[in-house]
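Residues 0 to 176 (numbering that gives the first Met the number 0) make up the sequence shown, in order.
Honestly, the hints are just simulated from the structure, not real lab data.
Here the structure is a predicted model, which means the values were calculated and not measured.
Hints should not be assumed to be uniformly reliable.
Mimicking BS3-like on lysine-lysine, the simulated pairs with C-alpha atoms at most 25 Å apart in a straight line are [claimed, not checked]: (1) K161 / K63; (2) K70 / K110; (3) K74 / K54; (4) K74 / K136; (5) K139 / K63; (6) K79 / K69; (7) K6 / K54; (8) K110 / K69.
Cβ pair distances, simulated, as ranges [what the hints assert, rightly or not]: (9) Y4 / K162: 47 to 53 Å; (10) S151 / K54: 34 to 40 Å; (11) G146 / R17: 16 to 22 Å.
Glycine included, every Cβ here is placed at the ideal spot set by N, Cα and C.
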Amino acid sequence: MPAHYGKFVAYFRVSTDRQGKSGLGLDAQRDTVLSYMNGGRWSLVAEFTEIESGKRNDRPELEKALAACKKQKAKLVIAKLDRLSRNLAFIATLMDSGVEFIAVDNPHANKLTVHILAAVAQHEREIISARTSAALKAAKARGRRLGNPRLSEARQHAAVAKKESGPLRRERVAGDP
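Take these sequences, add in the hints, and give me the full structure.
Next up, the structure:
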């Protein structure tokens, strides 16, 4: 494997709070990236970590990572392509953004390969969703009560969080610092 050179920005993502709190998935991604980068004249100029579903396209830490790549003229490095997204359109938009990225699980992938892998990841996401829906439907048919048993408490917490985040969202949309 040729030695790496230049500047890199790392992006790590897990989907759930539980995964984020355990740190295992994030540590594994970081180890994978650093092992891949081992050797050569390179610098990791920034790292960004996010606990967010890959289904969401509005991920603040990814936006910061991409901005850092553009500012530093660096490449984005990720452990696996599906840590960016399992959405073909999202990956295609990222490819057109002007930021180069390397997915360590397939570092020699060209644009065609990345499109194919992104399409496979999207298909996998759709299959997982269908299996989950079928399992929930079967559980409900067996009489299992689904949902949050403390729904009113959860709604109260959500309302408070929404109210508190409103001014921050307005600032971000308006472009204020």
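Okay, the hints, checked on the actual structure:
1. Only pairs whose Cα atoms come within 25 Å are accepted, and K161 paired with K63 is accepted, the gap being roughly 22 Å.
2. Under the criterion of a C-alpha separation no larger than 25 Å, the hint pairing K70 with K110 is consistent with the structure, at around 23 Å.
3. Our distance criterion of 25 Å between C-alpha atoms is met by K74 and K54, whose separation comes to about 23 Å.
4. Note on K74 and K136: the hinted pairing is violated, with a Cα-Cα distance of about 44 Å set against a maximum of 25 Å.
5. Our distance criterion of 25 Å between C-alpha atoms is broken by K139 and K63, whose separation comes to about 41 Å.
6. Simply put, K79 and K69 have alpha-carbon atoms about 21 Å apart, close enough for the 25 Å limit, and the pair holds.
7. A distance of roughly 28 Å separates the Cα atoms of K6 and K54; the hinted pair therefore is violated under the 25 Å criterion.
8. Taking the CA atoms of K110 and K69, the gap is near 19 Å; set against the 25 Å cutoff, the hint holds.
9. Taking the beta carbon of each, Y4 and K162 are about 49 Å apart, inside 47 to 53 Å as hinted.
10. The supplied range of 34 to 40 Å is broken by S151 and K54, whose beta-carbon atoms lie about 26 Å from each other.
11. Between G146 and R17 the beta carbon distance is about 19 Å. The supplied range of 16 to 22 Å therefore holds.
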